[in-house]
Amino acid sequence: MTPPNEEAETLEHLLGRVATGDEQAFGSLYDRTSSLVLGIVRRVVRDPAQSEEVAQEVMVDMWRTAQRFDPERGSAKAWIATIAHRRAVDLVRSVQASRDRSEVYGRKDAATPEFDVVAEQVISASEHADVRTALDVLTTIQREVIELAYYGSMTYRQVAEHLDTPLGTVKTRMRDGMVRLRQALEPAPEPPGHGVSE
Amino acid sequence: MNDNDLHQLATPFALDAIGDEERRRFEAHLDGCHGCRQTVAAVRETLGDLAEETAVAPPVSMRDSVMQRIARTPQDAAPREDASSGSPTPVPPPRQGETHEAVPAPREAVAPPDAPVADDTTGGDVIPLGGRRRWAALVTAAAGIAAVFIAAVLVLGGDTAEDVIAAPDARVIEVEAPAGTTASLTFSPDRMQAVFTADDLADPGDDSTYQLWVIAGDVPRPAGTFVPDDDGSVQVLLDEEVETGQIIGLTIEPEGGSPAPTGDILVAQPVT
Chain Z
1 MTPPNEEAET LEHLLGRVAT GDEQAFGSLY DRTSSLVLGI VRRVVRDPAQ
51 SEEVAQEVMV DMWRTAQRFD PERGSAKAWI ATIAHRRAVD LVRSVQASRD
101 RSEVYGRKDA ATPEFDVVAE QVISASEHAD VRTALDVLTT IQREVIELAY
151 YGSMTYRQVA EHLDTPLGTV KTRMRDGMVR LRQALEPAPE PPGHGVSE
Chain S
1001 MNDNDLHQLA TPFALDAIGD EERRRFEAHL DGCHGCRQTV AAVRETLGDL
1051 AEETAVAPPV SMRDSVMQRI ARTPQDAAPR EDASSGSPTP VPPPRQGETH
1101 EAVPAPREAV APPDAPVADD TTGGDVIPLG GRRRWAALVT AAAGIAAVFI
1151 AAVLVLGGDT AEDVIAAPDA RVIEVEAPAG TTASLTFSPD RMQAVFTADD
1201 LADPGDDSTY QLWVIAGDVP RPAGTFVPDD DGSVQVLLDE EVETGQIIGL
1251 TIEPEGGSPA PTGDILVAQP VT
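Protein sequences, first through last, are from chains Z and S. Heads up: the first sequence at position 85 corresponds to 85 in the working numbering, and the numbers run straight through without jumps. Heads up: the second sequence at position 263 corresponds to 1263 in the working numbering, and the numbers run straight through without jumps.
Check before you lean on any hint, since a few could be wrong.
What the hints assert, rightly or not - Residues on chain S that point at chain Z, a partial pick, calculated with CB under 8 Å:
| no. | residue |
| --- | --- |
| 1 | A1041 |
| 2 | R1044 |
| 3 | A1051 |
| 4 | R1069 |
To be verified - Pairwise CB distance ranges (calculated):
| no. | chain 1 | residue 1 | chain 2 | residue 2 | range |
| --- | --- | --- | --- | --- | --- |
| 5 | S | D1190 | Z | T133 | 26 to 32 Å |
| 6 | Z | A49 | S | G1245 | 52 to 58 Å |
| 7 | S | D1230 | Z | T139 | 23 to 29 Å |
| 8 | S | V1060 | Z | Q96 | 29 to 35 Å |
No lab work stands behind these hints, which were simulated from the structure alone. Please read all numbers here as calculations on a predicted model, not as lab measurements. We put the beta carbon where it would ideally sit given N, CA and C, even for glycine.
Generate the whole structure from the sequences, applying the supplied hints.
Structure, rendered in structure tokens:
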């Protein structure tokens, strides 16, 4: 069995080979997706060194769980982005939780410190914003809720509290924003099987 | 939390923007909700595409480091039915390579009925590599067929609000609504269906209901009634076909709705 032309091979097919324990296939998968993974993690975690750590974990996760990828449920790219984002958010939330615990124990009168911490992080995220072309299609209020949630690691409830906006409104803005974003990203005339970066 | 509330968690869930407790409840709901699965899948595809725009090349040294780590990391043997998240729950990897113990796949947990997955891993013996390669090839070959099935489901399954919102051609039309209210239509031209969504709608009053209308020419056709939930939110599929150029109307009517509008026109939104 000769490996197919790796340039033309779809990520889904490549993942299928990785699932068989093919380390060389994993190397190709790494080359085509690691920048995508690191990009997501960096936006969420922000600290470059920590982001690299998390991105490595994600790549190892992909190796370990490749057999769980089910092409019926979505594309390889979506699967990878899901794993990467989840890992990054888990890290941020656990760091936050331990920070909150020490704050609560340190100052008994501390009200709800987590929102301030998150808000601070989000502000610094916006400062470092560079590539925003796709998100530009969103209205300001849609973009705000999506960035606070997806890059700011907030739950929709935290977003609602942070913006002092009803929960239903926040959910609607998220939903409408994602639909609009999909319309904007959809036409992407990308040559089949072509990679992410390079 | 009722079903309507749960449906509205599909997007926050896909954005990893719900708390653990709500996530568990939503995951249980997701197993039985085709519409929410479609919404979650659609949002994840979008986020996958978005990731292309934020890509950051890792330092060259990271590659070696990862390649070394995977060389000593055993792979999880059996696909787990994880319909809800599609992402790995952090389970310790089975030490298959070292102990020669294949992990038995729970029979009921085998994902697609046509993917010969479970039998390869239930024997308790080390799986010959050739065998695993074969099924992996089958699985990837099946992917093409699966894509056709998914497309068929998308075309035929347009019967819930979530289905319409998840439709590939769905577009959002901001609705000019009474002051203090935000409203939108999500319209799928292919399906000729639309979903009306609003927040902070006033209570229609006792024995009254909101009623939607599809107005073609001068003739308003009734397109469903609804009462918003306690915080004034609603998401409802219009039960009339909708086409570009028509107008979506909203009135308050006596309970049960009217055959033709009698209340003030609160919304008259052209479908563009």
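Status of each hint after checking the structure:
A least Cβ separation of about 5 Å between A1041(S) and chain Z falls short of the 8 Å threshold, and the interface hint therefore holds. About 4 Å separates the beta-carbon of R1044(S) from the nearest beta-carbon of chain Z, less than 8 Å, and the hint is met. The restraint placing A1051(S) at the interface with chain Z holds, with a minimum CB-CB distance near 5 Å, inside the 8 Å limit. Interface hint at R1069(S): satisfied, since its Cβ lies 5 Å from the closest Cβ of chain Z, which is below the 8 Å cut-off.
Between D1190(S) and T133(Z) the C-beta distance comes to about 27 Å, which sits within the given range of 26 to 32 Å. Between A49(Z) and G1245(S) the C-beta distance comes to about 56 Å, which sits within the given range of 52 to 58 Å. Evaluation of the 23 to 29 Å hint for D1230(S) and T139(Z) yields a pass: the beta carbon distance comes to about 26 Å. Taking 29 to 35 Å as the suggested C-beta distance range, the pair V1060(S) and Q96(Z) conforms, at roughly 32 Å.
Checked against the numbered hints given earlier, the structure satisfies every one of them.
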